[in-house]
Amino acid sequence: KNEVEQSPQNLTAQEGEFITINCSYSVGISALHWLQQHPGGGIVSLFMLSSGKKKHGRLIATINIQEKHSSLHITASHPRDSAVYICAVAPVGGAQKLVFGQGTRLTINP
Amino acid sequence: NAGVTQTPKFRILKIGQSMTLQCTQDMNHNYMYWYRQDPGMGLKLIYYSVGAGITDKGEVPNGYNVSRSTTEDFPLRLELAAPSQTSVYFCASTNPYGGGGELFFGEGSRLTVL
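These protein sequence lines are chains A and B, in that order. Note that our numbering gives residue 86 to position 86 of the first sequence, counting from 1, and the numbers run on in steps of one. Note that our numbering gives residue 46 to position 46 of the second sequence, counting from 1, and the numbers run on in steps of one.
Derived DSSO-like pairs: lysine-lysine, alpha-carbon spacing no greater than 30 Å straight-line:
no. : chain 1 : residue 1 : chain 2 : residue 2
1   : B       : K9        : B       : K44
2   : B       : K44       : A       : K54
3   : A       : K97       : B       : K9
Not everything, but these chain A residues come out facing chain B in the computed CB check (under 8 Å):
no. : residue
4   : A31
5   : Q96
6   : K97
7   : G103
Simulated from the structure, these hints should not be mistaken for lab results. For each residue, glycine too, the CB sits at the ideal point set by N, CA and C.
Required output: the full structure, derived from the provided sequences and hints.
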């Protein structure tokens, strides 16, 4: 079993739908990152969380440390949100050596 | 603010050749990383550094070397290139203790070994 599991692996939705991507992990962490990678493109950091909830525009990220679970939500999804979303955790005492999930490929159709 | 700059963006190598991927950051980050991403796969850590003069191996260090003589620069050296090193390479940096911990990635370097 991977230390970081994301679900779903692939997600296709219509423009405007509310999107949820989940991330579960099995180790103690100091932080969790959500990253975005467009096809053929670079990697952009969306959020870094150690507790609670953060919001940037239409994106919301939450984390439950006790349950070792995080979710990334996208409200009013748009075709430009189509990308791979990657969850990565920084294990405690691990020199910020991130452990990555396999990613969730999101496609938003117009 | 340039962030993390990687060069070159694309390179084709012949088997057995050597090259260096350059990575520079201007955010005074202590922590720097090199990852590789194979097609359809997740990121794998090659080497990392927690400060100038300090480097350590990640998951997949074989065939690579790094150095960290300054805070800004973290070059990745490929010796005796092999087809298995065909991949996209990303450099990243962060300052977990004073900079909020956000990760910054370079744009990637696409390497093909033929």
